[in-house]
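Participant: Sequence:
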Amino acid sequence: MSTEQKLLEKWRDLPKDKQEQILEFVEFIHWKAKEQDQERIKLTTPQGKGWMPGFFEEIIGGWVGEPLERPEQGEYETREQLF
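Just so it is clear: in the sequence shown, position 13 is 19 by my numbering, and no numbers are missing.
Source of the hints: derived by calculation from the structure; they are not laboratory data.
Please read these numbers as outputs of a predicted model, since none were measured by experiment.
We treat Cβ as the ideally placed atom computed from N, Cα and C, and that holds for glycine.
Among the hints, a few may not be true.
Using C-beta positions, here's what the derived DEER-type ranges look like [to be verified]:
hint : residue 1 : residue 2 : range
1    : Asp23     : Gln44     : 30 to 38 Å
2    : Lys48     : Asp23     : 49 to 57 Å
3    : Arg46     : Pro21     : 54 to 62 Å
4    : Glu81     : Pro52     : 35 to 43 Å
5    : Ile66     : Ile28     : 45 to 53 Å
6    : Pro52     : Gly80     : 44 to 52 Å
7    : His36     : Lys16     : 52 to 60 Å
8    : Arg85     : Ile35     : 50 to 58 Å
Listed below are the simulated BS3-like cross-link pairs for lysine-lysine, each with C-alpha atoms no more than 30 Å apart in a straight line [as the list claims (entries may be wrong)]:
hint : residue 1 : residue 2
9    : Lys55     : Lys38
10   : Lys38     : Lys48
11   : Lys22     : Lys38
12   : Lys22     : Lys40
13   : Lys12     : Lys48
14   : Lys38     : Lys12
15   : Lys40     : Lys16
16   : Lys16     : Lys38
17   : Lys40     : Lys55
18   : Lys24     : Lys40
19   : Lys22     : Lys12
20   : Lys12     : Lys24
21   : Lys38     : Lys24
My request is simple: use the sequences and hints to build the entire structure.
Facilitator: In structure tokens, the structure reads:
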């Protein structure tokens with residue numbers, strides 16, 4: 007028997023007023039889950055992180071000067087350990 011079937015069976019055994027309470031609770035949980043999903047989506051968008059709308063669309067590819075080059079970084083310096 008699935009969880010859904012078990013839940014429905016137990017729900018049907020309850021008085022009508024308790025069935026209504028269960029329904030209200032499930033609706034609340036459903037609403038809360040949607041709210042959390044929307045908040046998670048908001049925090050993963052640039053606007054949700056505080057960037058102005060369209061900022062990245064304007065900036066990406068915006069460099070019009072000479073091509074940027076990263077010079078050689080030289081040899082890795084080995085230092086004495088402090089401790």
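Participant: Decide, hint by hint, whether the structure agrees.
Facilitator: These are the hints, each one checked on the structure:
| no. | hint | verdict |
| --- | --- | --- |
| 1 | Asp23 / Gln44: 30 to 38 Å | 32 Å, holds |
| 2 | Lys48 / Asp23: 49 to 57 Å | 37 Å, violated |
| 3 | Arg46 / Pro21: 54 to 62 Å | 38 Å, violated |
| 4 | Glu81 / Pro52: 35 to 43 Å | 39 Å, holds |
| 5 | Ile66 / Ile28: 45 to 53 Å | 51 Å, holds |
| 6 | Pro52 / Gly80: 44 to 52 Å | 36 Å, violated |
| 7 | His36 / Lys16: 52 to 60 Å | 19 Å, violated |
| 8 | Arg85 / Ile35: 50 to 58 Å | 57 Å, holds |
| 9 | Lys55 / Lys38 | 22 Å, holds |
| 10 | Lys38 / Lys48 | 15 Å, holds |
| 11 | Lys22 / Lys38 | 24 Å, holds |
| 12 | Lys22 / Lys40 | 27 Å, holds |
| 13 | Lys12 / Lys48 | 36 Å, violated |
| 14 | Lys38 / Lys12 | 23 Å, holds |
| 15 | Lys40 / Lys16 | 26 Å, holds |
| 16 | Lys16 / Lys38 | 24 Å, holds |
| 17 | Lys40 / Lys55 | 20 Å, holds |
| 18 | Lys24 / Lys40 | 24 Å, holds |
| 19 | Lys22 / Lys12 | 18 Å, holds |
| 20 | Lys12 / Lys24 | 16 Å, holds |
| 21 | Lys38 / Lys24 | 21 Å, holds |
When the structure is compared with the earlier hints, violations turn up for hints 2, 3, 6, 7, 13 and for no others.
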